[in-house]
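K.L.:
Same order as they appear, the protein sequences are chains X and S.
To convert a position in the first sequence, counted from 1, into the numbering used here, add 641.
To convert a position in the second sequence, counted from 1, into the numbering used here, add 1.
Heads up, some of the hints might be wrong.
Under 8 Å between C-beta atoms, here's a sample of chain S residues computed to sit facing chain X [stated by the list, open to error]: (1) D17; (2) I21; (3) R73; (4) Q75; (5) S76; (6) V77; (7) G78; (8) A79; (9) Y80; (10) Y81; (11) K156; (12) E159; (13) L160.
For the record, the hints were derived by calculation from the structure and aren't laboratory data.
Even glycine gets a Cβ: it sits at the ideal position worked out from N, Cα and C.
What follows is the residue order along each chain.
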Amino acid sequence: MNDREEFFRRLLTGYGGALQRLVSCYEADAALREDLLQEIYLALWQAIPRFRGDSSERTWLYRIAHNTAISASISRGRRSKREHPIGEHFDPPSTAEPADRRIVAEEERRTLFEAIRQLPLEDRQVVTLHLDGLSYAEIEQVMDVSQAAIATRLSRLRRRLTDSIGVGEKRK
Amino acid sequence: MENKSTEFERIISRRDLREIIFGAAGAIAFGYLAYRSADLLTRVSYAWIAASFLWIIYWLRRNSYLHRSPARDQSVGAYYRALFDSYEQQVWLLRTAKLWYVLPIWSGLMLFAFATWRVQHNIGVLLTLLITFNVTFGFVWWLNQSWGVRYLRRKQEELAKLGRAGE
Numbered sequence: 642m643n644d645r646e647e648f649f650r651r652l653l654t655g656y657g658g659a660l661q662r663l664v665s666c667y668e669a670d671a672a673l674r675e676d677l678l679q680e681i682y683l684a685l686w687q688a689i690p691r692f693r694g695d696s697s698e699r700t701w702l703y704r705i706a707h708n709t710a711i712s713a714s715i716s717r718g719r720r721s722k723r724e725h726p727i728g729e730h731f732d733p734p735s736t737a738e739p740a741d742r743r744i745v746a747e748e749e750r751r752t753l754f755e756a757i758r759q760l761p762l763e764d765r766q767v768v769t770l771h772l773d774g775l776s777y778a779e780i781e782q783v784m785d786v787s788q789a790a791i792a793t794r795l796s797r798l799r800r801r802l803t804d805s806i807g808v809g810e811k812r813k
Numbered sequence: 002m003e004n005k006s007t008e009f010e011r012i013i014s015r016r017d018l019r020e021i022i023f024g025a026a027g028a029i030a031f032g033y034l035a036y037r038s039a040d041l042l043t044r045v046s047y048a049w050i051a052a053s054f055l056w057i058i059y060w061l062r063r064n065s066y067l068h069r070s071p072a073r074d075q076s077v078g079a080y081y082r083a084l085f086d087s088y089e090q091q092v093w094l095l096r097t098a099k100l101w102y103v104l105p106i107w108s109g110l111m112l113f114a115f116a117t118w119r120v121q122h123n124i125g126v127l128l129t130l131l132i133t134f135n136v137t138f139g140f141v142w143w144l145n146q147s148w149g150v151r152y153l154r155r156k157q158e159e160l161a162k163l164g165r166a167g168e
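Could you build the full structure based on these sequences and the hints that come with them?
P.N.:
In structure tokens, the structure reads:
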């Protein structure tokens with residue numbers, strides 16, 4: 642196995658879960674999520690030779706993933722309007738949890754992703770990066786937005802997401 | 002796998018390749034006709050058309066470079082702006098196509114029609130040539146100006162909408 646393949650495999654192993662969450666914030670439909678994931682893998686594979694380590698591996702990966710998602714969203718633009726989500730699929734929760742708790746956790750996650758998908762693109766990206774545990778400095782590197790603006794935006798988004806999830810809960 | 006690219010990039014790359022092949026074939030064919038032609042004005046018109054094809058190839062290669070997909074490892078903000086710019090560049094290319102694409106070939110063909118009439122003195126042939134050339138190039142103009150620009154503007158709008166989704 643050459644260096645490129647090894648690096649690629651390491652990325653998939655280390656960030657596979659994060660990329661799954663990222664595509665869930667862009668696409669509601671399982672098939673479209675899978676397509677987007679494949680496109681991100683392809684973009685990563687193509688970008689590996691250019692990776693010089695100027696930024697951290699993590700910020701580099703998130704830049705490529707989000708930029709690919711932007712391109713894919715435009716390409717799918719008109720198609721997506723005609724297609725409706727068939728069903729949601731998320732990472733299977735741990736089977737160690739009792740069944741009722743698993744259902745509640747999955748339902749909460751579904752509601753959260755749904756609320757995130759309703760956000761404008763930049764807000765969606767900031768939230769996704771924040772949920773994946775990136776520091777403000779790392780988010781700044783990925784997004785090209787100042788840390789002060791990120792802090793302000795996140796505080797506004799926390800309120801907005803809490804409100805929209807709350808409204809969703811009340812409706813049920 | 003590495004050759005896969007987005008829909009937009011594919012459309013633009015295909016268009017550029019098509020124009021370059023078409024331009025090269027046109028330049029060779031009309032260059033040969035100019036070489037073989039006995040009448041001076043006809044020869045000038047053929048040479049003009051051949052030169053127009055070469056000019057189109059040069060212009061496309063010089064100005065369509067932005068169709069190359071912006072690097073995805075730049076920051077999201079920079080990528081978003083670069084995408085917008087690449088659409089803008091293509092819109093500009095289509096808008097100015099009347100000057101760098103339609104006008105040079107059309108003027109060469111008009112000269113050719115006049116040269117043919119001067120040799121043959123046949124008004125029917127002249128009218129047929131004028132109508133054919135003007136209808137064809139009118140259609141090409143419309144295709145670039147209206148359909149092409151509308152398509153790109155729609156894509157740009159989709160990009161802008163992405164930023165506003167949910168607002």
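K.L.:
Each hint: holds or not?
P.N.:
Each hint, compared with the structure:
Below 8 Å, beta-carbon pairs count as interface contacts, and D17(S) has none with chain X, the closest being about 19 Å; its hint is therefore violated. Contact between I21(S) and chain X, as hinted, is not supported at the beta carbon level, the nearest pair being about 24 Å apart and thus beyond 8 Å. Interface hint status for R73(S): upheld, as the beta-carbon distance to the closest one in chain X is roughly 4 Å, under 8 Å. The restraint placing Q75(S) at the interface with chain X holds, with a minimum CB-CB distance near 7 Å, inside the 8 Å limit.
Satisfaction of the interface hint for S76(S) is found here, the shortest Cβ-Cβ separation to chain X being roughly 4 Å, below the 8 Å cut-off. Using the Cβ-Cβ criterion of 8 Å, the hint placing V77(S) at the interface with chain X is satisfied: the shortest such distance is roughly 5 Å. Interface hint at G78(S): satisfied, since its Cβ lies 3 Å from the closest Cβ of chain X, which is below the 8 Å cut-off. A least Cβ separation of about 6 Å between A79(S) and chain X falls short of the 8 Å threshold, and the interface hint therefore holds.
With 8 Å as the threshold, the beta carbon of Y80(S) comes within range of chain X, its nearest partner Cβ sitting at about 4 Å, so the hint holds. Taking 8 Å as the C-beta cut-off, the interface hint given for Y81(S) holds, the closest approach to chain X being about 7 Å. Nearest Cβ of chain X to the Cβ of K156(S): about 6 Å, under the 8 Å cut. The hint holds. Evaluation of the E159(S) hint against chain X yields a held restraint, the C-beta minimum of about 4 Å falling below 8 Å.
For L160(S), the interface hint holds, since its Cβ comes within 8 Å of a Cβ in chain X; the closest pair sits about 5 Å apart.
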